Amino acid sequence: DGGITQSPKYLFRKEGQNVTLSCEQNLNHDAMYWYRQDPGQGLRLIYYSQIVNDFQKGDIAEGYSVSREKKESFPLTVTSAQKNPTAFYLCASSASRTGATGELFFGEGSRLTVL
Amino acid sequence: AQRVTQPEKLLSVFKGAPVELKCNYSYSGSPELFWYVQYSRQRLQLLLRHISRESIKGFTADLNKGETSFHLKKPFAQEEDSAMYYCALNKSGGATNKLIFGTGTLLAVQP
Numbered sequence: 011d012g013g014i015t016q017s018p019k020y021l022f023r024k025e026g027q028n029v030t031l032s033c034e035q036n037l038n039h040d041a042m043y044w045y046r047q048d049p050g051q052g053l054r055l056i057y058y059s060q061i062v063n064d065f066q067k068g069d070i071a072e073g074y075s076v077s078r079e080k081k082e083s084f085p086l087t088v089t090s091a092q093k094n095p096t097a098f099y100l101c102a103s104s105a106s107r108t109g110a111t112g113e114l115f116f117g118e119g120s121r122l123t124v125l
Numbered sequence: 600a601q602r603v604t605q606p607e608k609l610l611s612v613f614k615g616a617p618v619e620l621k622c623n624y625s626y627s628g629s630p631e632l633f634w635y636v637q638y639s640r641q642r643l644q645l646l647l648r649h650i651s652r653e654s655i656k657g658f659t660a661d662l663n664k665g666e667t668s669f670h671l672k673k674p675f676a677q678e679e680d681s682a683m684y685y686c687a688l689n690k691s692g693g694a695t696n697k698l699i700f701g702t703g704t705l706l707a708v709q710p
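Protein chains in written order, with our numbering: chain A, 11 to 125; chain G, 600 to 710.
The set of hints was computed from the structure by calculation and includes no laboratory data. Bear in mind the structure is a predicted one, so any value in this text is a computation, not a measurement. Be careful, since some hints might not be right.
[Unchecked claim] Chain A side only, calculated, beta carbon under 8 angstroms to chain G, not exhaustive:
(1) S17
(2) P18
(3) G50
(4) G52
(5) I61
(6) V62
(7) D64
(8) F65
(9) T96
(10) F98
(11) L100
(12) S104
(13) E113
(14) L114
From the three backbone atoms N, C-alpha and C, an ideal C-beta is built for every residue, glycine too.
With the sequences and hints as input, model every part of the structure.
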């Protein structure tokens, strides 16, 4: 089954702990993205990567970190510095890093709850 | 600043009634606009893009630069249209799909 796989679907953590969310894609896409979805706020871009070993901050990168060591993988770490980490996190990918088409392919999401 | 505004959190209509989901944007350049949809228990997915000028599942959307709007319309709503709809903006000529999303409108089609 091709697409974007996010894990885990649900995650509970204590305040002050770092958490890493996994995102894997087998679509051979160059670009990958992390969005945060909060009620009433839509989707906000955290980080994105256009190519392996390169990534850029999005609109709300503070308190988050990413890596892109492999084309297929783009994990997101929610650090203890993130003031309000409880949210629904969506990973996405797109085919071309040159020439935007606007089509993102999304995962099913990971819901993080910090207790 | 670039922004996408969807003024309605919830739109409830009866089956067979016309639907219009509103989207306004602010962007100084020439924008590319999209509608994404998320059905219950499914992933967020692209519905249509303004460049294609296409009709998908009976939905159309016209870019109105004068009113900076990209409203999504369907003449006769069906129950299976019930979903969350997001309007999104991308910078024209950009090298990546760095989309800005609106806050979304939940469409509920009543039988």
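Hints versus structure:
Using the Cβ-Cβ criterion of 8 angstroms, the hint placing S17/A at the interface with chain G is not satisfied: the shortest such distance is roughly 15 angstroms. Because the smallest distance between the Cβ of P18/A and any Cβ of chain G comes to about 17 angstroms, over 8 angstroms, the interface hint for this residue is violated. Interface hint status for G50/A: upheld, as the beta-carbon distance to the closest one in chain G is roughly 6 angstroms, under 8 angstroms. Among the interface hints, the one on G52/A holds; its C-beta lies about 4 angstroms from the nearest C-beta in chain G, closer than the 8 angstroms criterion.
Look at I61/A: its Cβ only gets to about 10 angstroms from chain G, farther than 8 angstroms, so that hint breaks. About 15 angstroms separates the beta-carbon of V62/A from the nearest beta-carbon of chain G, more than 8 angstroms, and the hint is not met. A distance limit of 8 angstroms between C-beta atoms decides the matter here; for D64/A the minimum to chain G is near 11 angstroms, and the interface restraint is violated. The restraint placing F65/A at the interface with chain G is violated, with a minimum CB-CB distance near 11 angstroms, outside the 8 angstroms limit.
Given hint, T96/A at the interface with chain G, is violated; its Cβ is 18 angstroms from that chain's nearest Cβ, farther than 8 angstroms. With its C-beta approaching chain G no nearer than about 11 angstroms, F98/A sits outside the 8 angstroms limit, and its interface hint is violated. Nearest Cβ of chain G to the Cβ of L100/A: about 7 angstroms, under the 8 angstroms cut. The hint holds. A cut of 8 angstroms between beta carbons decides the hint on S104/A: the least distance to chain G is about 5 angstroms, and the hint holds.
The beta carbon of E113/A is positioned within 8 angstroms of a beta carbon in chain G (closest approach about 5 angstroms), and the interface hint is therefore held. Annotation: L114/A was flagged as interfacial toward chain G, and the flag holds, the nearest CB pair being 6 angstroms apart, inside 8 angstroms.
In this structure, the hints that do not hold are numbers 1, 2, 5, 6, 7, 8, 9, 10, in rising order.
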